[in-house]
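Q: Heads up: the protein sequence lines correspond to chains C and A, in order. Heads up: the first sequence runs through residues 89 to 747, numbered per this note's numbering. Heads up: the second sequence runs through residues 34 to 707, numbered per this note's numbering.
Rather than coming from a laboratory, the hints here were simulated on the basis of the structure. Be aware that one or more of the hints could be misleading.
[Claimed, not checked] The list that follows gives simulated cross-link-like pairs (lysine to aspartate or glutamate, EDC-like), each with its CA atoms no further than 20 angstroms apart: (1) A:K546 <-> C:E146; (2) A:K396 <-> C:D221; (3) A:K601 <-> C:D637; (4) A:K606 <-> C:D581; (5) C:K181 <-> A:E545; (6) A:K179 <-> C:D224; (7) A:K704 <-> C:E589; (8) C:K681 <-> A:D588; (9) C:K645 <-> A:D588; (10) A:K606 <-> C:D643; (11) A:K118 <-> C:D605; (12) A:K606 <-> C:D596; (13) C:K181 <-> A:E541; (14) A:K606 <-> C:E589; (15) C:K181 <-> A:E535; (16) C:K681 <-> A:D637; (17) C:K195 <-> A:E169; (18) A:K378 <-> C:E213; (19) A:K173 <-> C:E223; (20) A:K547 <-> C:D643; (21) A:K118 <-> C:D581; (22) A:K568 <-> C:E146; (23) C:K745 <-> A:E638; (24) A:K546 <-> C:D725.
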Amino acid sequence: MDHIPIRGLKRYAASAKFTLKPVHFAPGNILMLFLSLLTLNGLAQKFPASSISDSLIENANMVVRLEEQSYEIRSTGKVVSHERHVYTILNEKGGRYATYRTHYNNKSVFINSVSAYMYDASGKEIRHFKKKDMEDQPAFDGSSFVNDERLKAGSFYSNNYPYTVDFEEEDELTELIQISNWYPQGNLKISVERSVYSVTAPADYNIRYRMMNSDIKPLIEEKGGKKSFTWEIHNLAAYEDAPYVNFLSYTPNLMIGLGDVEMGGYKGNMSTWNDYARFYGSLQKGRDILPEETKQKVHELTRDIQDPATKVSVLYNYLQQNTHYVGIQLGIGGWQTYDATYVATKKYGDCKALSNFMVSLLKEAGIKAHAVVIRGGAEQKEFVTDFTHDPFNHIICCVPLGGDTIWLECTSQSLPAGYLSEFTANRYGLLIDDDGGSLVHTPAYRLNDNIQLRRISATLDPDGNLNLESKTSYKALCQDDIESVIHGISREDQLRRLKSEFSLPTYDVTYFNYREDYSKRLPVIHETLKINVSNYAQVTGKRIFINPDILTRADEKMSEEKNRRFGIELKDEYKHIDSVQISIPTGYETESKPIDLEITSKFGKYVQRAGVSADKITYYRMREQYSGHFPAKEYTDLVKFFNDIYNADHTAIVLVKKN
Amino acid sequence: MKNLIFILFAFIVWFPLNSLHAQEKSGYKFGKITPADFNLAAAKFDSGANAVIIADVGSTTFEGNNKGYFTLVFTRFMRVKIMNKNGFDIGNRHIFLYHNSDGDAEKISSLKGSTFNLENGMVTETKLDEKSVFNEKYDKNYDLRKFSMPALKEGSIYDLVYTIKSPFDTELRPWSFQGEYPCLWSEYEVVIPPSHHYVMSLQGDQNFDVNTAKTVFSNYSIRRENGTGPTDLYNISGSSIDQRWVKKNVPALHEEPYTTTLDNYNSRVVFQLNFIQWNAETEKHDYMTTWETRSKTLLEEEEFGLALNYENSWMSDELKGITADVQSEKEKAYKIFCYIRDNFKATSQYGLYALSPLKTVFKNKQGNVAEINLLLTAMLRKSGINADPVILSTRDNGIASASYPLISQYNYVICIASIGNDVFKLDASRPFNGFGLLSTNCYNGWGHIINEANPLPLPLFADSVRESNITSVLIINDEKGKSSGTYKSTLGKSESFNVRREISETSEKTYEKKIQSESNPDVAIENFGIDSLHKYDFPLAVHYDFDVKNLGTTDVLYFDPMFGEGYKTNPFKALERHYPVEIPYQIDDVYLLTMDIPAGYQIDEMPKSARVAYNDNEGLFEYLIQKGNDNLQMRVHLKLNKAFFPVDEYPTLRDFFAFIVKKESEQIVFKKIK
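For reference, chain A alone in the conformation it holds in the complex:
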């Protein structure tokens, strides 16, 4: 075990090696199919599945090559059964092959496929022919092999085996044990030479049926050809690590609402090269190790931090203009932030590396997220403000390890600025984003401050974000007995951003129409307005006046006191749940109503006040209603003090919202005074 380090995520339970099944082998061989293999009745899987992966067996081993280095040999065998006509998609296969601009490339060294059908009790075989394997250029780094398995029918089985040889030892292929289709046997084995040391992370469900690690003696013969000169020959021998995992009867993954990404729950193993050491005498060649060293190397990389420490005199003139007349350090930072946010266009929604020099980003006023926020950091530093880049993994990208610098798990850069005793998290890559605000997508556990002296983790947990919405409705009677009122809804940070974006994509007029069509059908809206639409540091508010129509025409009047704002359906629709519920923030909704009782009417019946706690003090739903002489007042408060709800809390959460839906659909009944 000496050259493997295990990383476990906080929410995952680790099961130790299971030696009972240590020797169990899959026993599948390409093309060895009997009529009995077509009967899967005994297997445990979702019987409604369109296709079942009978076996998916992968392995990566190393071999010496003649270029003076190692080649990684990845082999994958798959056996798939098509259960019905909806399962043909799994017969369309794509294999991606990487190459870099230096001529190093992954290559397919063999590819073999056959489809087997049971016809009149006999097994027939149709081979995948080479001419049906298409080669496509995907982008400048990836080529694609595409093929469709032949002769597929309901009930067909196909076998597929291929080997990919790769010179990239920084990219030991990861393995997913779970996917779109149920899998009866998923296996991965890696054999790593003594020179190579990887950090490995396991995530998702880790109940492996087989999980073994053993040392095997191996000998690698590496040759380096030197043109016409003599060929160098190296022999590396010693104890290799042979690690093998098997998971049986793996159910398919299913999307569920309110999850960050299914990837977090997918049972998976991922590797990152830690260091290479040829033998005890030679120097250790580090690839990651600690956050301290990793931060240092990131800051020395041209595509990340190198330019932060340059003189960067090209920005001086512009900076002078931006920060002229500022009264404080905070105002200076604010001006620089707004300048970048309002003048720079993001070319993508993510980015960990600056693909162009900061000077070019500055000149072109465009860049990916990393480029824009690294430029922000550089400009803040240049004007004397203490600022550092922070790397993070967004919610849709999955959770990154807190303890080890697995850089490939990160996909986003923000900037953190310290001014006096205040610390501000800044993201200038998003239009309409306020100073010190991050999108909900950034709140996904630990980010990391990239600072040479102090590379600290930065907590970015959804539980720490509160989304406060306040809606108030006031209805009064005028002298003539007509009812009219005002409506105002002040939105939380996240919703304010969403509305700003929606309006930028449509128009204020379209948004007004939408509010109108969603509003209470018994009112006529006028004087519609939006506050702080362009003041991004403030919450946005929607407001309008209204007249209540058709009052006084009937003896009995039914009135929705929530004014159409209540939950009409339970957001947690499904009865069962497989993964935790992850809401991007703590919910905090307040609704207030003050209304005069319509002239000539009295209250015949009204909802009762109620108060329900969620798990003692983790949440609250409060519905308070009070009748005065000729008016009534109501206050409804929904508050959740956390954003992450484990699976076993799901029924409670669903019941909690069921109660809210029920309560918020109750009506007030007014009766005409006779």
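Here chain C stands alone, though its shape is the one from the complex:
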């Protein structure tokens, strides 16, 4: 019911009725002078589209004509950055690169200047804007409720392709905590004419770097007590779109590692993972003090428990019952946690604050636990362990109990202790210890963990209507989506969702129930559904057509790709088992049924068996999907594997009336 304003609508007090803003002030002669100066200045740099080579135009939506990024570390308290981005937009799809966005926060990141120009295909300037003309907004990152970050944005619009945009920005930072990585070719639909990246630092500053997916070397110069490193790359062509590619594994990219760092008055070092962890830990020092009342609660809850693992579960449950996630990222760049007392009184916090609170609770109970800095989310770049850098965006909690390590996602009010969802499972994180820390790896959930087991018993009436009861258990990663549904929307909305999500002709869900079984480390959700489907089977004069695979069908066919360039990345690993029994009207015999099938491939396994007796169809389906990386040439096999499954899933049993 909140009133959300619409941008751009004006509002007047009655006294100001219909007074409109003054027309844009543009005195002709001054403007002319300004334009002619620009023309003189920029003669050599107008980037006519005609000079782009054909090889860079093919497959591309945008061509990076020139990109320059340079960072000068003057001290840990002062960094000056200069960026220039000249993009030629080739079509509508490339249009998004004509918008320029840049972040600042007025605490440690200041924008000195932005200038932006737009040129037509021949290189003639059409328009321009500056920092003061840009829209100023809070920078929503999707999960924060409140943060310090702000955004300036400005756009060019045109329907006349190709055209070129030229953005230049200079920033000043009063901290040194991270230097942007270099991704000259950010995605496969852009090509690059020339891209230059450089870092300059005092000669005695420890700059480290790691170039990935390319063997280009920096030009290193040292003079006047400064050392600079410059990388340059030319002519990267765009690619045709392709499914199952992790482009980050192919595109050249450079990571910069820092030595001494400084932020909000705190100084530290990031040369090694241990240094990084020590610095992170120093920011949180003394923030683990619980109010007396909470301490007593901890003792009250754990006094009679001997088993440490049970203590962890009980206190994690206490955290889940008494706090919730609110993304408040203020203070030192979102690095320093709100203290444990804050969470204890407000009952909310972000990932840092909730993890810190959890560690404090456990400490009070005499159990040593650690914050682990990690990168959450699905899209993963391969983690480089032997180069200290900063890819992280999330914090979880780790409790090493001898051989049994318990992982806790402190922003969840529902996951069982010890289970990490797809968001943080199977990856590296940095564990923060008392004075330092080290890399750790979170648990991976494999084929035999991620299981969906479904039993359906159904009755088909002579008109083709199907009445079914489905009992399904979803385990580990297979339960993540359903877990977020049952803990995200009301029961009424859960039913609405069920009533519209199945690919069945016309149906209604008459009963549903979810039961969570968190008695073991891996969570299981048991689902029961009762569904009536009208005209599920097609009943003609003498035949019945019925697909025995009712709820677990592959829903998309894949198409062949000629000249596949990239290797295949399959992320998901799971096993689906379906057993179906359908009572059918009597008096029919089988005319056709899916053949018994067993497909084994490097991508997975598929088994299908269908049997028909006088009054019953029995059907069994098993699909194992493996994760992994496969060479490009195996794409044809993958298409065949997926399409064979699709065809098998869509084959009907045909019954014909006995004579």
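Dock chain A against the given chain C, drawing on the hints supplied.
A: Okay, now just chain A, sitting in the frame of chain C:
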């Protein structure tokens, strides 16, 4: 009642004032919570809700200020109960505060919140502390206060009360009685001084539990400070109107497919300033009144129509070039339309006002919808064509009142051009849009022609738009007994636009791959092609040739005569429905099949012809199939003569489509001749 005018939308039933409950008060007081208040068992609401609003009570009153004017005082009290852990979101609050560039601003004059928990039978209170209320700049006109209620747990109750003071009497705060969460008591009260006259519109469900209007005597004291000079003092007294609405046990709003916008069904009251008259002797100061005056003022506004009547000589040269060699007025209009559509880029999908002068729009070749279509109007006029702007509210923006010029309800401008006896509705802001075509989003009831002499309403009803798709499939046997065929699908206007946009966002190749993966698995596609991809005035057609695979390998052959084109699932999935079904056009789908019976086979069984009418003559599904000597022919026609289906027709509509799904999944069985 003299200074309130009621507007009711055509589809809403008005219930007169209910005097029985006239005196009923909410009785909620901030912080007065007893252990019994935590038990909501007796209340009527969806028991699965994650949070329940126990009370949401708002009021707007006026008070005199010391700047010589009125201040609007809006106060809101909320009491919310968190039912379970999924309901914490309602504890995160945002309050938007407006300010303009002249320094006038809305201000929060008080804000107080507390969370109450029941612990061991005792009520504990945790106050919202001031330091936890964050101030954020949202954009150049809005600031935002953000806070999260403290100490929330399952079962918590929180109270929140705040007051916003505003100098903007053109913006009397609206009230929504319904929202994302169920609400047990939603109330709004306005007390309007005798000088101010508002038009009020009520929409959505209007079964109020309390709906009273009374006059109260009031006295407003207004001061104007004149620097060092003496302060002016005015006293305004007389009968104020005190209007109050209460709605109890309001269910949550839920999204449903095929609705224009839920806002149309939300129970809501909205105000627009009509006129101000200080007393009977002084002049009436109009803000809206009739379409005649409103059209006139819009045409005089710099941000709307003023430039339409200028000489606009800056466009002369360009116009000459565009319209050189044209043979007719219509061709002239067509050329100008295409010039703007193809050379100008829309900076947003909506727009009622030109924020930049037309000359700047023209020079920069970019603008919002209003800017582009006002420029179109200006250019047409400049070249001697009779053209006017039309304002409308798009489907996703909600229905605008037909009878009163509530300008804030509109969000879009098109152009209407008369050439001879023909009238064309033009929208040059959309790429790929044909001459005389509008997007489905524009068909949302009445638009309004902004013309000084003749400000007429323009009917733009979805019921008047027909979306005709024709698909034909031809399968023949060659001498060697192999089957091959051709497929062609000619799309309706709306679907043609969608495909053009999809291809512009991906590529023709990607679209071909998609068609291939969706096509019948038993055919191999070749010679794929798209007709009229860039001829926006014509329907787009997709066509290809194909070979039928695996024919003749089995004794029995099952064949889908719809060739994969039929409805496989009912588009109306849910069994129940709360709001009317609003389809953006009349559906008119024709499917034709002519096929040779595969060589060596005969028909063993085939579907029967059928014909079903929807509500007598409001729609039709016709499935005709006929067998010849060695071929068969089929024609399937689905036609709906309307686009709006009231809730009580939903079961009929769902059954109608259930029949279509059933019929279109039937197969033909061929048997090998032995």
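Q: If you test the structure against every hint from before, which numbers come out violated?
A: Failing hints, ascending: 7, 9 and 22.
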